[in-house]
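Q: Protein chains in written order, with our numbering: chain A, 3 to 356; chain B, 3 to 356; chain C, 3 to 356; chain D, 3 to 356.
Some clues are possibly wrong.
Any copy, or any two copies together, can satisfy a pair, since identical chains are not distinguished.
With a cut-off of at most 25 Å between alpha-carbon atoms, the simulated DSS-like pairs for lysine-lysine come out as follows [as the list claims (entries may be wrong)]:
no. : residue 1 : residue 2
1   : 12        : 278
2   : 133       : 120
3   : 73        : 235
4   : 344       : 12
5   : 275       : 120
6   : 196       : 45
No lab work stands behind these hints: they were computed from the structure.
Protein chains: 4
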Amino acid sequence: MDNSFDKRIKVGLVGGTGYTGVELLRILIQHPNVDLLVITSRKESGLRVSDLYPNLRNHISLEFSSLDSPKLMSCDIVFFATPHGVAMSQARDLLESGVKIIDLAADFRIKDVEIFEKWYKMGHSCPDILKNSEYGLVELNRSNIVKSNVIGNPGCYPTTVILGLIPLLDLAEPLIDVSDIVADCKSGVSGSGKKLEISNLFSESSDNFKAYGVSGHRHHPEIVSQIEKISGKKINLTFVPHLVPMIRGMFSTIYTKILPHALDIDFQELFVKRYKSEPFIDVMPSGSFPETRSVRSSNRLRIAIHRPNNENRLIILVIQDNLVKGAAGQAVQNMNLIFGLKETTGLDSVAILP
Amino acid sequence: MDNSFDKRIKVGLVGGTGYTGVELLRILIQHPNVDLLVITSRKESGLRVSDLYPNLRNHISLEFSSLDSPKLMSCDIVFFATPHGVAMSQARDLLESGVKIIDLAADFRIKDVEIFEKWYKMGHSCPDILKNSEYGLVELNRSNIVKSNVIGNPGCYPTTVILGLIPLLDLAEPLIDVSDIVADCKSGVSGSGKKLEISNLFSESSDNFKAYGVSGHRHHPEIVSQIEKISGKKINLTFVPHLVPMIRGMFSTIYTKILPHALDIDFQELFVKRYKSEPFIDVMPSGSFPETRSVRSSNRLRIAIHRPNNENRLIILVIQDNLVKGAAGQAVQNMNLIFGLKETTGLDSVAILP
Amino acid sequence: MDNSFDKRIKVGLVGGTGYTGVELLRILIQHPNVDLLVITSRKESGLRVSDLYPNLRNHISLEFSSLDSPKLMSCDIVFFATPHGVAMSQARDLLESGVKIIDLAADFRIKDVEIFEKWYKMGHSCPDILKNSEYGLVELNRSNIVKSNVIGNPGCYPTTVILGLIPLLDLAEPLIDVSDIVADCKSGVSGSGKKLEISNLFSESSDNFKAYGVSGHRHHPEIVSQIEKISGKKINLTFVPHLVPMIRGMFSTIYTKILPHALDIDFQELFVKRYKSEPFIDVMPSGSFPETRSVRSSNRLRIAIHRPNNENRLIILVIQDNLVKGAAGQAVQNMNLIFGLKETTGLDSVAILP
Amino acid sequence: MDNSFDKRIKVGLVGGTGYTGVELLRILIQHPNVDLLVITSRKESGLRVSDLYPNLRNHISLEFSSLDSPKLMSCDIVFFATPHGVAMSQARDLLESGVKIIDLAADFRIKDVEIFEKWYKMGHSCPDILKNSEYGLVELNRSNIVKSNVIGNPGCYPTTVILGLIPLLDLAEPLIDVSDIVADCKSGVSGSGKKLEISNLFSESSDNFKAYGVSGHRHHPEIVSQIEKISGKKINLTFVPHLVPMIRGMFSTIYTKILPHALDIDFQELFVKRYKSEPFIDVMPSGSFPETRSVRSSNRLRIAIHRPNNENRLIILVIQDNLVKGAAGQAVQNMNLIFGLKETTGLDSVAILP
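Bound-form chain A, shown alone (with noise of 0.2 Å):
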């Protein structure tokens, strides 16, 4: 492990307008072993970055270029932040380069080529770099993303659910009843981009509250193929995103069940011994109650359980802030793990409150 400033990273951006992207401008202008090269961008391209986003004024020069851009091939690594269908597009041509990718849509997500096709509308144009790619969960999936050139960042609701579920699953036997999980998610409203959509309004999603995509969302689909293969079970997942109105932050109740052979568990102990290693994951004393505030503009991701009157029901909280450990932070955090840098580099700065 290496994080001597000598270390150097040549770093691309394709798609740099959205919230995704400048959060992930954010994090690469400070972060210590990079050099940015190029930020491309369909529709600014020309402007000045700091023009667009004024909290960069002062700590960025660039312009935006356009999408091909050939500074792109010299980099080595690209993050995508783009829509989903963009970064399969542009991979293969940057693979041959030998630049690595690390995409934080959906092209990469899931593997099985169908359930991808028919959720996200559209065909894969390359069905052999998704299999060979890897689901960019470090905290599951370490040792594959080390070796990977192809990352596949994950969906901020799976973040969540699958973090706050692992302890449960990745076992011999499950500790739960994996036919019967709900997912009860609420998310700010930046987790649905900087899209021109009514329901995005100040007038509309301000002093509200609502549910959404009740019937079918993207991220159920990436999330259950992630915990089937992490418990080898079939499972039956209830997820009911909803949405929030504040800016960043993320919140997951989880509902299971406790198997008969698991009553007698300490699942306090287990959470904490599992990630005890994780320097993003914060497993907090029983009977807490995590804040999104208290993760805002950082990578950590707070997890409380609880076990009301100490019965079956075992009840995870899980928090994030969307932009960061749901997508940006965990995208960076990827970066530093293929390129052998400390996990935390340019990760580590502390939450703002109030």
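Given chain A, work out where chains B, C and D should sit, using these hints.
A: Coordinates of chains B, C and D only, in the frame set by chain A:
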């Protein structure tokens, strides 16, 4: 039924300084049959009501009276918007003077004195009155309320959860597994009252989301006692309340499992039928996503049911304004019922949106 | 004056999909003398109004009609809640059919065609009608409005600034230096309408504050033309609008300088006297701090004047709900006046607080 | 100048429980040269700091010490994030032990004891120390701060107003009419601290806007004394603070009048020149609209100047994060200066957006 303006009701309000109190004032001031005689306050006696609540300027000229104002005795009905324990201490005197009572706190919500005393940490000073009181959920208990002198106005969470479950439970056989109900509930900040607590500060609760009370919330026994009564079964309910950074609004996501014998039922039709005569219950079209803002300042409660993939999981979404249908509006609905007015009198205003 | 419910007014609404439109609907639906005949929309023709605005469910059964609905011609009055330029294009036909018009956009706000065309970048298609129209600020122009067929409903900012200055200017000699007026104005986000613009997104405007339009805002010439007419003097006004992260509400801080001859005037008394018969203007006690929430959803406008250290600086604080007194409420106030109803009919509800 | 990590500064913090305190902790924890020795709190002595502030979990292991902790005496510097009056009561002992002091309250902001005592309603216990203290506005007073042992860290409003006016006043002749300055200032709610006051509650301050302190705010004499010193003239300043429903952020709109002799000056150039060496002052391009979110969590302050129609009115827009440049960040900037570090050390992080 009589809505002529000639029918006058003399109304008193004990404790008009909290959010439930000011909301009662807003509704009562605009109620065509109400003469507001007296508003008491321990702390603000002598202050003009409109000096505390500038939205009431030009609408009300009363001052706060002291708690023992004799005017209370000349009212037809007195509302208590006070902390738990106040209504029961004043109930006997009022009843003996022929004054009816609606308590917006918990003194008359739970029939079982032991359970009340366990959860509210106080003795019950008038178990005999409690015995003759009625639970003021009109849609459940109309025929008893109309004859009653003492109403325990339901808690805000219970209103949503009970109304969301009634059509599934008030049958010879329940349609869902009563041993496996999850109510994941979310409330705006006004639900915790006008209390000087750190967690109620803007800088603490804005741009933040959290759960609380997982290990036990006072509304849990209230919900359970009512739905056990409805269903005639022992119920196992998991109830987790959360705090949303908005002023008003409550959203309950209720997860149930359809029993094998009920899999072919048309649940949409079931709900529509059950509530078709209820002026304040709006069963939305199948697959709808109710938003809390659609009932802001209104006494309406909306329900939408979802059954993903037509499997055995039935999800009920319920919304209300916690200060109206969840408190002050429901209280006035009870008053209308008791005094033979049309139930919607003074309660049929359109929700404020945006 | 006649408020019996027998008096029926047939009302049409052109453009009911924006925030001003839905607010008009909320008020008109609850207005005791109004029969809402038709609501048109270019984009939503055929859609049920309550499908677009769920707060109107159970209150309205109309569908949006196409723009050229013949029903408009059988109305007594038609409101235009449309972009600038629409009302003037339909005005002549309606007037010839005997239909009165209230335009909530700017087509009939500015008498000087040149100034209109300069600021609104469009030709004026009916200068003759403009000439005979009236500026719909009731408190300023009541005697003319009552006889008029075409009303230009004031802009939101102008409503606050003009009403804040009238008592100082509608005199033989102004009491303040008319060459030195600063209006520092703040508006909730709904003021910019239901527009798909990046700056209107929740994630852009929440937890943020900014100014805009310093170099020139269309409300500037509107304010200036009115206060020049009132005072008979050339005015120099500096006007800076700002955006506040709240849905509704407008706050104007107006800085003026008292002229030497007026230093001994009791300004509090002056304001109280000027507005004592105005049902919607609330001059608060000296030294008060009005809050926008005290008029949320109400047609009331509150004024408080401050004179620090009794020197020559006079500061006028003015608040309103931008969608009510600043738009839809004021429009209905004009309608009431024109049709001989009590001015407060359908407009006297209590503001929602908290 | 020396930024090597070898240079260690032993730091103490008195009063670490308020918002200024937790923000200081956030910055100090991440400062490469700081060893945080002790944090005191009257109320929370013995509590782990990270139990009060969960964003600090995994970053700090200290507990709050009692106020008289002897560790304070072994520090190089102690910050006071306490109510007014605390720093002056502990100053002499610390100074005699060779400990430097930065007070984030007002004890050392106003040189004139009489004015201090009038506005802060308390006697000043160490006028001699006050006399030798320095006003910690680095951009104004750098050469004196560097030699000082006692710093009065500026108030949040004064920081914006003074920095917005310096280029116009620190000249042989002021360029603006010093008898006619208006500062219309707006602050996020965190500016009023973590205080249990009704007006700080979410349900009171959310979705609301108001002015306060028109008749006199303690920051008024602070601003006036500084800009009188800068300009050598008697100043007449009208200052009106307002409360914005956002957590962090401050926006000042300053209205000035250009004197006749200065009408031809290029004010944009003037500001750019004056601040070109200042790492934390960003003079934006002419006509820009700074947004408070562009400095959220950052020590940067942005200025934009506007001159509508090129007339004699000059408007200066100034933004900052009230908790950073307006408090904790500026305090650390002072510390860096005093200890010979690069001024931006530990203060150059990118603002969080969105």
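Q: Which hint numbers does the structure go against, in order from smallest to largest?
A: Hints 1, 3 and 5 not satisfied by this model.
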